[in-house]
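J.: Chains as they are written, first to last, in the working numbering: chain A, 536 to 917; chain B, 10 to 74.
It is worth saying that the hints were derived from the structure and are not from the lab. There are no misleading hints in this set.
Here are the computed lysine-lysine pairs in the DSS-like style, where the Cα-Cα straight-line distance is at most 27 Å:
| id | chain 1 | residue 1 | chain 2 | residue 2 |
| --- | --- | --- | --- | --- |
| 1 | B | Lys26 | B | Lys40 |
| 2 | B | Lys40 | A | Lys565 |
| 3 | B | Lys26 | A | Lys565 |
Pulled from the structure, derived: some chain A residues nowhere near chain B, Cβ distances all over 10 Å:
| id | residue |
| --- | --- |
| 4 | Pro557 |
| 5 | Ala649 |
| 6 | Arg681 |
| 7 | Gln776 |
| 8 | Leu855 |
Think of the CB as a built atom: it goes at the ideal place given N, C-alpha and C, for glycine as much as any other residue.
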Amino acid sequence: MPFDSRNPVYFDNAATSFPKPPAVYRAVQKAMTEAGGNPGRGGHPPAVRAGEAVYHARETAAAMLDAEPEHVIFTQNCTHALNLAIHGLLRQGDHVILSSLEHNSAARPAAALAEAGIIRCSAARVDPDDNRTVAAFRRLMRPDTRAVICTLVSNVTGQILPVRQLAELCRSRGIILIADGAQACGHLPVSLRDGMHLLCTAGHKGLLGPMGTGMLVTDGTVPLKPLMQGGTGSLSSSLRQPDFLPDALESGTVNVPGIAGLDAGMQDVQRRGLSEIFAHESALCERLIAGLRRMPDAVVYRSEHAQYAPVVSFTLGRELPDETAARLAAQGFCVRAGLHCAPLAHRTLGTAAAGTVRFSPSAFNTEQETDAFLHALQMRTD
Amino acid sequence: MVTHFVVQSETYAEKVKRLLAQYRFRYQVRKVTAAAGCSYQFTVSGEPSAVFALLSDRQIPYQTC
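Looking at chain A on its own, in the form it has when it is part of the complex (with noise of 0.2 Å):
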């Protein structure tokens, strides 16, 4: 494949997706120019389009993970989310139970608050057996837990949590379950009746919005104490932040252009279809897979006994997971390398001095393009 510096192949996914589905980009221009106006702050068509298309996302959000469409939060990203739910939900006094291959978007904030004395926090470790991750986190289950921080799948590895079963622990013990579906949504099928209370996900990764977007979707039952307070556009002559969602949540102008874009991304998936993207993408990832089983040196960081999202981790022999992916940029390929933000994870692979090469393809990638990768990896002078 020749080497083209300005439209390289994408495989940092899971970082964000790119390209996006081209209804993206038109929803995005359509919202500027028609849907210019602040949704509900003004009674002008401007206006008007522009709440009629934040709510259209709410929607397709909402049907999409089996929610109420009032019970969407929109946010700048999956952080944003995490930590709304987070500094939310906890108080003085609580404990918490986090995988250990938590993203530091849901570390960080957990952290913060245990090291300001207000919680504790327990790490759950994650076994490639399901069962063996949920007695992990029964063991720890304490009567002052007040909930369980777990991500739907690893943006490391690309392994599948079982959400079903720790939902079901986690509601048998009256513990508030924060699931963090970043890597999940838009390749797998999450819904809020797999039990978890709130979910927080990215917009701008397998949903294929744009970039600043993000969602806390939540099951209605759990009050969460807003971040911040301001205008919303609802009871005006009150100091006091309404108490209905969204608005609790939901303060100051939303991202209009963006929000909309996400919603043309969430139609594009439900257009392609979940299992079929899934497939497509985990095709890929097989591909690349059986490719670094016939190179001597290469580590591939799965093992036979968990499932797998499409997102692979690998290592060469010597060459340090940063060298790899410069060397693979050089050659016209984009992938992550490093830590990923998740230095809880590559504790738990064994890999936190250097991190690992991420391969994370799209429903836009072919296998052409997983083949010349495989070559490019090839193509080293040690």
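Assemble chain B onto chain A, guided by the hints.
T.: Here is chain B on its own, set in the frame of chain A:
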């Protein structure tokens, strides 16, 4: 019989529109922009007991007028 009520959240106003259409109520809605923020005044052709039961069942915050 006509039922009047006000919703003060744009999100819920949109939800109410869809709900009323789903249950085949004829309605008009007027968006009022005032100092106290936007509100949505609904006029529905239907029994108040039926309309309010529908809103309450879906936990929609509304005010009668």
